[in-house]
Amino acid sequence: MAKLTLAVNGKSHEVDVDPEMPLLWLLRDELKMTGTKFGCGIAQCGACTVHIDGVPTRSCQTLVEDAVDSEIVTIEGVAGSEAKAVQDAWIKHDVPQCGYCQSGQVMSAVALLRDTPAPTDEDIDAGMSGNLCRCATYVRIRQAIKTAAETLKG
Amino acid sequence: MQFLFDKHNTATDITGADATRPTRRTILKSIGGVGAGLVLGTQLPTAAKADSGAAAVIKGEAGTAAFAPNAFIRIAPDSTVTVLIKHIEFGQGPYTGLTTLVAEELDADWSQMRAQSAPANTALYKNLLFGVQGTGGSTAMANSFEQMRKAGAAARAMLVEAAAKAWSVPADEITVSKGVIAHEGAGKTSTFGEFAEAAAKLAPPAEPFLKDPSEFVLIGTELPRLDSKAKSTGQAEFTIDADRPDMLTVLIQRPPVFGGKLKSFNDSETRKVPGVVDVKSLPRGVAVYAEGFWAAKKGRDALQVEWDESEAETRSTAEIVADYQKSAASTGQVVATAGDAEKVLANSGKTVDAEYIFPYLAHAPMETEDCLIEATDSGAKVWAGSQFPTLDQGAVAQTLGLRPEEVDLETLFAGGSFGRRATPVADIAYECATAVKAIDRKRPVKLIFTREDDIQGGFYRPMVVHRMKGAVDADGNISAWDHVVVGQSIMEGTPFESMMVDGVDPTLVEGARELPYAIPNRRVSFHKKSLAVPPLWWRSVGHTHNAYSTETFLDELFALGGKDPVEERLRLMGDKHQRLTGVLKAVAELADWGSAVPEGRARGVALHKSFNSYVAEIAEVSIDNDEGIPHVNKVWCAVDCGIAVNPDIIRAQMEGGIGYGLGHILYAGITLKNGRVQQSNFDTYRSLRINEMPEVEVAIVKSAASPTGVGEPGVPPIGPAVANAWAKLTGKRVRNLPFLPIDA
Numbered sequence: 023m024a025k026l027t028l029a030v031n032g033k034s035h036e037v038d039v040d041p042e043m044p045l046l047w048l049l050r051d052e053l054k055m056t057g058t059k060f061g062c063g064i065a066q067c068g069a070c071t072v073h074i075d076g077v078p079t080r081s082c083q084t085l086v087e088d089a090v091d092s093e094i095v096t097i098e099g100v101a102g103s104e105a106k107a108v109q110d111a112w113i114k115h116d117v118p119q120c121g122y123c124q125s126g127q128v129m130s131a132v133a134l135l136r137d138t139p140a141p142t143d144e145d146i147d148a149g150m151s152g153n154l155c156r157c158a159t160y161v162r163i164r165q166a167i168k169t170a171a172e173t174l175k176g
Numbered sequence: 066m067q068f069l070f071d072k073h074n075t076a077t078d079i080t081g082a083d084a085t086r087p088t089r090r091t092i093l094k095s096i097g098g099v100g101a102g103l104v105l106g107t108q109l110p111t112a113a114k115a116d117s118g119a120a121a122v123i124k125g126e127a128g129t130a131a132f133a134p135n136a137f138i139r140i141a142p143d144s145t146v147t148v149l150i151k152h153i154e155f156g157q158g159p160y161t162g163l164t165t166l167v168a169e170e171l172d173a174d175w176s177q178m179r180a181q182s183a184p185a186n187t188a189l190y191k192n193l194l195f196g197v198q199g200t201g202g203s204t205a206m207a208n209s210f211e212q213m214r215k216a217g218a219a220a221r222a223m224l225v226e227a228a229a230k231a232w233s234v235p236a237d238e239i240t241v242s243k244g245v246i247a248h249e250g251a252g253k254t255s256t257f258g259e260f261a262e263a264a265a266k267l268a269p270p271a272e273p274f275l276k277d278p279s280e281f282v283l284i285g286t287e288l289p290r291l292d293s294k295a296k297s298t299g300q301a302e303f304t305i306d307a308d309r310p311d312m313l314t315v316l317i318q319r320p321p322v323f324g325g326k327l328k329s330f331n332d333s334e335t336r337k338v339p340g341v342v343d344v345k346s347l348p349r350g351v352a353v354y355a356e357g358f359w360a361a362k363k364g365r366d367a368l369q370v371e372w373d374e375s376e377a378e379t380r381s382t383a384e385i386v387a388d389y390q391k392s393a394a395s396t397g398q399v400v401a402t403a404g405d406a407e408k409v410l411a412n413s414g415k416t417v418d419a420e421y422i423f424p425y426l427a428h429a430p431m432e433t434e435d436c437l438i439e440a441t442d443s444g445a446k447v448w449a450g451s452q453f454p455t456l457d458q459g460a461v462a463q464t465l466g467l468r469p470e471e472v473d474l475e476t477l478f479a480g481g482s483f484g485r486r487a488t489p490v491a492d493i494a495y496e497c498a499t500a501v502k503a504i505d506r507k508r509p510v511k512l513i514f515t516r517e518d519d520i521q522g523g524f525y526r527p528m529v530v531h532r533m534k535g536a537v538d539a540d541g542n543i544s545a546w547d548h549v550v551v552g553q554s555i556m557e558g559t560p561f562e563s564m565m566v567d568g569v570d571p572t573l574v575e576g577a578r579e580l581p582y583a584i585p586n587r588r589v590s591f592h593k594k595s596l597a598v599p600p601l602w603w604r605s606v607g608h609t610h611n612a613y614s615t616e617t618f619l620d621e622l623f624a625l626g627g628k629d630p631v632e633e634r635l636r637l638m639g640d641k642h643q644r645l646t647g648v649l650k651a652v653a654e655l656a657d658w659g660s661a662v663p664e665g666r667a668r669g670v671a672l673h674k675s676f677n678s679y680v681a682e683i684a685e686v687s688i689d690n691d692e693g694i695p696h697v698n699k700v701w702c703a704v705d706c707g708i709a710v711n712p713d714i715i716r717a718q719m720e721g722g723i724g725y726g727l728g729h730i731l732y733a734g735i736t737l738k739n740g741r742v743q744q745s746n747f748d749t750y751r752s753l754r755i756n757e758m759p760e761v762e763v764a765i766v767k768s769a770a771s772p773t774g775v776g777e778p779g780v781p782p783i784g785p786a787v788a789n790a791w792a793k794l795t796g797k798r799v800r801n802l803p804f805l806p807i808d809a
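Chains A and B supply the protein sequences, listed in that same order. Numbers 23 to 176, taken from the numbering used here, label the letters of the first sequence in order. Numbers 66 to 809, taken from the numbering used here, label the letters of the second sequence in order.
If you are wondering where the hints come from, they were derived from the structure by calculation, not from laboratory data. Heads up, the beta-carbon is just placed ideally off N, CA and C, and yes, glycines get one too. You may find that some hints are simply not true.
Chain A residues, not near chain B, derived (Cβ > 12 Å throughout) [as the list claims (entries may be wrong)]: (1) Lys33; (2) Ala69; (3) Asp88; (4) Asp91; (5) Glu93; (6) Pro139.
One-sided excerpt, in silico: chain B residues whose CB lies under 10 Å from chain A [to be verified]: (7) Gln157; (8) Ser293; (9) Gly299; (10) Glu517; (11) Asp713; (12) Gln718; (13) Gly721; (14) Gln743; (15) Glu760; (16) Val761; (17) Ala764.
Model the full assembly from the supplied sequences, consistent with the hints where possible.
Below, the structure is given as structure tokens:
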């Protein structure tokens with residue numbers, strides 16, 4: 023066990039945990055931020071995607087001790103024009119079915135649009151193929167990202 | 066279709082609860098009485114809830130309702146209308162759809178509507194097609210269409226009667242529109258909330274008046290889903306998110322082979338892991354109790370367990386397939402017959418003899434299996450993504466020695482299911498209850514499956530082998546068809562066995578037994594296999610493999626006879642199957658079947674009726690050069706599911722069904738090596754990704770028939786449509802699934 027300080031959604035958190043605990047379980051079980059989901063535990067599905075220093079990262083494969091000096095942003099704290107555009111587009115297109123993977127999808131989509139404001143289909147494939155959706159809402163994820171990109175263009 | 070558990074148990078005494086035990090039921094009876102009073106007397110849930118802009122899935126108490134005309138509707142003084150939804154929401158849209166039905170007949174404004182999960186209560190909330198409370202078989206809309214409309218219509222009539230009394234005007238002069246009650250002559254308008262209390266004192270109408278479909282205002286429109294906002298912002302609460310003070314997380318180490326039993330275990334290393342609280346032997350494995358998932362996982366990894374495999378399934382897939390193939394070589398129990406297929410086949414020159422192998426498939430819902438149970442003063446409280454609340458409630462009650470009504474079950478959103486949460490043995494709730502019992506109910510327990518537990522845990526779409534023989538005559542017409550299906554029964558040995566007639570499990574032969582095509586000589590038979598790998602319904606169940614085998618074999622015979630796949634299907638169906646021919650014509654028109662296809666691509670078509678809905682799909686495929694399997698560029702889909710309550714949700718289900726079906730026929734299969742499942746996670750049990758998802762275009766065929774299901778029927782046609790396109794493109798008939806061979 024180790025006493026560590028983590029910056030999550032702009033707030034500092036003192037924790038006393040196994041430093042090798044994946045960030046996912048720190049967020050969920052210790053900080054009670056359950057918007058970030060467990061799907062596979064081996065960085066195959068993307069349900070646990072958070073932003074670490076702005077980079078979309080699988081929190082199930084990120085050790086807590088490796089995240090101490092970073093800015094962590096989760097679905098609970100994601101904000102800004104891209105986040106608003108993405109979430110509005112998600113609602114407009116009624117993207118979610120079961121909804122379980124969608125926190126991760128949104129986090130990946132926000133990062134994609136920050137990086138690539140006008141993504142092509144290939145950009146969307148590259149940016150989003152790490153996020154599984156077993157309901158296969160992919161048609162709408164693609165549409166919603168394009169809608170969000172249009173919104174951001176203004 | 067009816068699930069009457071007459072053979073084994075009734076829906077309630079499946080729990081085995083001791084009927085003589087005095088319980089809280091007596092108390093409830095004394096305060097509740099019957100009818101609406103009882104409804105108000107029972108505890109209201111705080112389960113999964115949804116909203117739309119203002120309308121939503123709500124959380125918290127709907128108990129402030131001033132007006133509860135029936136089990137489904139709560140109207141609050143602020144005029145919000147909360148609809149209690151008896152079906153689980155795991156993506157197919159019942160929260161939105163069933164709320165629409167109520168709002169329609171109530172003439173409510175959409176913004177005042179709320180949806181909330183109904184508690185487990187079989188008497189009030191049973192699936193009218195099952196006889197138990199449960200979701201499955203794409204029945205949510207079908208069994209609720211009239212029930213929910215009547216609930217809305219009854220509430221409307223009572224509000225109108227209350228207004229008529231207050232305003233001293235005839236009730237039939239009062240109008241209701243978008244949540245406003247009005248009498249033009251008297252110059253009066255009012256909200257639902259204002260008359261909620263007065264309406265609550267009136268008797269509900271015996272037979273509420275329902276609108277003619279031509280009068281529908283909301284049904285048929287694309288109302289936004291009530292749960293989209295919560296699910297796009299991380300706010301939606303799933304079982305894995307549920308938390309209770311003092312709660313322990315439990316992971317169970319289960320046998321590595323199906324039918325394996327615990328011999329012994331050593332937990333000395335496990336108990337050294339910080340956060341591990343206890344280790345117990347349970348009927349289905351060894352449970353590690355810990356403060357949080359990570360400690361439970363580390364603790365479980367440190368367990369040393371010995372298993373008794375003497376009665377386990379320890380064969381490898383190849384051996385099981387060989388056994389099935391041997392059976393498939395002979396005719397089984399016949400379920401359909403016409404003419405003399407055997408004789409015609411023996412005397413035909415142009416024949417095809419084909420064998421199909423379908424692997425076990427895991428459902429792999431994004432949220433793995435989980436359940437939270439807390440012992441309470443009056444019994445137990447369960448939070449779960451419960452697909453069969455009656456069975457889950459019963460299993461918990463039986464395990465903990467309670468009556469079903471002492472188990473308060475709250476259904477939360479579930480992160481997918483595809484059938485996995487609908488086990489007849491209620492395995493998830495049962496395991497969680499055994500874990501609670503093993504620590505003398507001292508602390509709340511949340512059971513979580515890892516992805517490996519999910520993929521390797523059984524309850525699969527059964528492995529199935531088909532043997533098909535067919536012949537075409539001199540004119541190229543199909544003259545004979547002999548179809549043998551070999552696989553496990555899903556229903557046998559479960560409460561659902563009562564649905565089996567003459568030993569036929571309909572889930573094994575559905576979609577193969579009843580072909581819409583006029584084939585003069587046809588025989589369909591099956592062999593039932595028994596092994597320790599637990600089978601389960603998997604999105605569209607028997608139709609998954611029967612649509613594939615029949616629709617690809619048909620295509621093969623058409624090719625042999627030189628027939629066009631669309632024209633010949635239409636000819637063989639004649640005028641007897643108008644809804645099937647309707648969707649086939651619609652999809653052919655949508656895709657402009659027969660027009661030029663881009664270089665390097667080919668198209669295939671398939672259609673299938675399942676769960677009383679009719680779906681035809683055309684797939685356009687090219688070759689994925691990296692993997693040598695199809696890349697599906699586009700899918701056109703036509704569906705007839707009766708009255709389209711919410712066209713956008715229907716389209717979403719077709720898109721999702723196509724993606725789910727496609728990912729599995731291309732990539733997925735569960736294989737055994739010496740009884741051990743060779744796949745463990747999404748690295749080895751591959752799932753469709755966004756770059757592999759085709760463009761999808763959906764046409765909804767207009768229909769005045771009562772609504773039928775959409776959750777499953779989009780799945781069956783995609784496999785054969787892709788396979789038929791692939792055969793056209795490459796000449797290869799893929800009969801051993803998945804397309805991408807599994808390394809085993």
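Please list, smallest to largest, the hint numbers that this structure does not respect. 2, 14 and 17
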